[in-house]
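Protein chains in written order, with UniProt numbering: chain L, 1 to 324; chain V, 1 to 324.
FYI, nobody ran anything at the bench for these hints, they're computed from the structure.
Just so you know, not all the hints are guaranteed correct.
Stated by the list, open to error - List of simulated lysine-lysine pairs, BS3-like, C-alpha gap at most 27 Å:
1) V:Lys252 with L:Lys172
2) V:Lys130 with L:Lys61
3) L:Lys36 with V:Lys130
4) L:Lys273 with V:Lys273
5) L:Lys260 with V:Lys273
6) V:Lys252 with L:Lys260
Unchecked claim - Stretches of chain V that chain L covers, calculated by requiring three or more beta carbons in the stretch to come under 8 Å of a beta carbon on chain L:
7) 166-179
8) 236-247
9) 274-288
For each residue, glycine too, the CB sits at the ideal point set by N, CA and C.
Number of protein chains: 2
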Amino acid sequence: MSITIKDVAKKANVSASTVSRILNNLPGYSEETRQKVEKVIEELGYQPNAIARGLINRQTKIIGVLVPRVSDLFAGEILAGIEEQAQDLGYSVMICKTNNRTRDYLRTLYEKRVDGIIMVSGAINPDSYKEIEMMNVPVVVVAAQPNYPKIPSININEYQASYDAIKYLVEKGHSHIGMIAGTKGDDRIKGFKDALNDAGITVTDHMITYGDYHFDSGVQGMAELIENYPSITGVFCASDEMAVGALSCLYKHGISVPEKISIVGFDNTSAAKKAVPPLTTVAQPLYDMGESAIHLLLDPSSEGNKVYPHHIIERDTVRSLRRK
Amino acid sequence: MSITIKDVAKKANVSASTVSRILNNLPGYSEETRQKVEKVIEELGYQPNAIARGLINRQTKIIGVLVPRVSDLFAGEILAGIEEQAQDLGYSVMICKTNNRTRDYLRTLYEKRVDGIIMVSGAINPDSYKEIEMMNVPVVVVAAQPNYPKIPSININEYQASYDAIKYLVEKGHSHIGMIAGTKGDDRIKGFKDALNDAGITVTDHMITYGDYHFDSGVQGMAELIENYPSITGVFCASDEMAVGALSCLYKHGISVPEKISIVGFDNTSAAKKAVPPLTTVAQPLYDMGESAIHLLLDPSSEGNKVYPHHIIERDTVRSLRRK
Numbered sequence: 001m002s003i004t005i006k007d008v009a010k011k012a013n014v015s016a017s018t019v020s021r022i023l024n025n026l027p028g029y030s031e032e033t034r035q036k037v038e039k040v041i042e043e044l045g046y047q048p049n050a051i052a053r054g055l056i057n058r059q060t061k062i063i064g065v066l067v068p069r070v071s072d073l074f075a076g077e078i079l080a081g082i083e084e085q086a087q088d089l090g091y092s093v094m095i096c097k098t099n100n101r102t103r104d105y106l107r108t109l110y111e112k113r114v115d116g117i118i119m120v121s122g123a124i125n126p127d128s129y130k131e132i133e134m135m136n137v138p139v140v141v142v143a144a145q146p147n148y149p150k151i152p153s154i155n156i157n158e159y160q161a162s163y164d165a166i167k168y169l170v171e172k173g174h175s176h177i178g179m180i181a182g183t184k185g186d187d188r189i190k191g192f193k194d195a196l197n198d199a200g201i202t203v204t205d206h207m208i209t210y211g212d213y214h215f216d217s218g219v220q221g222m223a224e225l226i227e228n229y230p231s232i233t234g235v236f237c238a239s240d241e242m243a244v245g246a247l248s249c250l251y252k253h254g255i256s257v258p259e260k261i262s263i264v265g266f267d268n269t270s271a272a273k274k275a276v277p278p279l280t281t282v283a284q285p286l287y288d289m290g291e292s293a294i295h296l297l298l299d300p301s302s303e304g305n306k307v308y309p310h311h312i313i314e315r316d317t318v319r320s321l322r323r324k
Numbered sequence: 001m002s003i004t005i006k007d008v009a010k011k012a013n014v015s016a017s018t019v020s021r022i023l024n025n026l027p028g029y030s031e032e033t034r035q036k037v038e039k040v041i042e043e044l045g046y047q048p049n050a051i052a053r054g055l056i057n058r059q060t061k062i063i064g065v066l067v068p069r070v071s072d073l074f075a076g077e078i079l080a081g082i083e084e085q086a087q088d089l090g091y092s093v094m095i096c097k098t099n100n101r102t103r104d105y106l107r108t109l110y111e112k113r114v115d116g117i118i119m120v121s122g123a124i125n126p127d128s129y130k131e132i133e134m135m136n137v138p139v140v141v142v143a144a145q146p147n148y149p150k151i152p153s154i155n156i157n158e159y160q161a162s163y164d165a166i167k168y169l170v171e172k173g174h175s176h177i178g179m180i181a182g183t184k185g186d187d188r189i190k191g192f193k194d195a196l197n198d199a200g201i202t203v204t205d206h207m208i209t210y211g212d213y214h215f216d217s218g219v220q221g222m223a224e225l226i227e228n229y230p231s232i233t234g235v236f237c238a239s240d241e242m243a244v245g246a247l248s249c250l251y252k253h254g255i256s257v258p259e260k261i262s263i264v265g266f267d268n269t270s271a272a273k274k275a276v277p278p279l280t281t282v283a284q285p286l287y288d289m290g291e292s293a294i295h296l297l298l299d300p301s302s303e304g305n306k307v308y309p310h311h312i313i314e315r316d317t318v319r320s321l322r323r324k
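Looking at chain L on its own, in the form it has when it is part of the complex:
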């Protein structure tokens, strides 16, 4: 096609720079002008070439997003927030599922000349950090430990969220509480231990099992807790996925929830409300955190850690042991 921006400008009776501003979602024209220009673009069949434009503007209007696993509900809800906000601001999103190849993907995104990169739920290792420093592209981390202060991050207070979940179980009269944890030694485990200690309950090793945040490890972790800690009445899981796995395990063993064992999840993904019974959980505002990541990414002055509030959503998996 040989139709150029000048042809559009001429036919719409505006300057070429106005057409360019409209194409690039920049301000400085009336709504009426925008409609007129878009109509002409439609009539002439003009197709702006984003690649050539990228070379001139040094903007591709693409934001790269690295996620551990696309099929994960957790990442999915953050992605929904990222995508809708990106779309509103005229950006496209390129999503890459990283598995363990974060550094390769960072390089690929850099080669595509993305305008920024959002890393969802993956701690940055030294190799990736070196790559990020070399790239000179804005990077924001969402829902992962902010282990490099120069990289802005969005999070909740994981320690306090976990502490509050245990305090909630204690207040409901539970004193035999276990945890299906994720990453060893993380803030959620610290919160679990401190809350129990503050309630005068001694923490021992058999109270904690370790999973990988996914369903199967929740099934396995729950089976271990029943075995190692037979008097258990309450379980805190470091993800909803593992909590749903725990429910599945207890169903198979014929142990009723919450009559025999109470369960608290973490994240408030859509899996929590869909569980049988519906799952009591610690909510992270995942969608909002995704939205916020775009703003932090596009604001050149941004730095530091943005902490969102958490709260407990009460559904049907926790029973009060207090006498009424």
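Please build the complex by placing chain V on the supplied structure of chain L, with the hints as guidance.
Below, chain V alone, put in the same frame as chain L:
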């Protein structure tokens, strides 16, 4: 950075064309050479510019994927297949959540000069088809009715899959069977009706309710069926999400599954095995279908409809009413 492909070639003692072939994932060099060149690229800090390369090669090595909702498990499993296969072939994937703006997204992807577009689970409307014809970019449709024969598609036989699900319930001794359907008048509803007719069961309106494939509509649909069809013992749901909603509704009403009511889902997403009780469902090979989409897209001779086999996965939500 002023390091060029020639600098890399010189230092690695190979031709510039070899370096280019390696960068573009084309064949024609030994594994040893590849490793040597990649080491030099690393040492020199050479960054190939994908945008400039895109202008020369007319290849961006980006595949655009349109999906109705990223957080959907159904789409997530197809996406996993697409992404892993794309990665193996040296392509990046740009995922766009379309809502109802399919045509706008097609245009955006075209502007980004993607090498091909995969549309997941969304019927093509005449507007989108017009856009696709104009674009001259390969398009493949996955898990949606192939309503334009010129566009290659990947599917299962939806009619037969639904027919088989009902036949399965009938063989288990059920004769009061309802359906929570998705799209009005689709092949799944035809399969439901024909299977019942062939079993000598008269189909009436109160046997079918309509949802939107998502959880809440499954809750609602199940509530309607209990109300309209009190003698019901078996329910076929047009998606696992709606089946999980049905389980949730029955739990709330204190109606046990499968003792009182049997449930069959559709898709075999990860939600099926995670349900309480684990859900019997019709499996679509979603991951494989996603993988296949990439191959169909990159093969210029491809056309027509590729049909994958379906099968029933028996878990714990169907009870046999036959005497043993």
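Evaluation of the provided hints:
For the suggested pair Lys252 (chain V) and Lys172 (chain L), the alpha carbons sit about 23 Å apart, so the restraint of at most 27 Å is met. A C-alpha spacing of about 25 Å is found between Lys130 (chain V) and Lys61 (chain L), which places the hinted pair at or below 27 Å, so the restraint holds. For the proposed pair Lys36 (chain L) and Lys130 (chain V), the alpha carbon gap of about 22 Å is at most 27 Å, so the pair holds. Proximity of Lys273 (chain L) to Lys273 (chain V) is assessed by CA-CA distance (about 17 Å); at most 27 Å being required, the pair is judged to hold.
Only pairs whose Cα atoms come within 27 Å are accepted, and Lys260 (chain L) paired with Lys273 (chain V) is accepted, the gap being roughly 23 Å. Restraint check: the Cα-Cα separation between Lys252 (chain V) and Lys260 (chain L) comes to about 19 Å, which is no more than 27 Å; the hinted pair holds. Given as covered by chain L, the segment 166-179 of chain V fails the check, having 0 residues with a CB less than 8 Å from a CB of that chain where 3 are the minimum. Here's how the segment 236-247 of chain V fares: 3 of its residues keep a CB closer than 8 Å to some CB of chain L, so the rule of at least three is met and the hint holds.
With a threshold of 8 Å between beta carbons, the proposed coverage of the segment 274-288 of chain V by chain L holds, since 5 of its residues qualify and at least three are required.
Figure legend: structure checked against the earlier numbered hints; the only hint not met is number 7.
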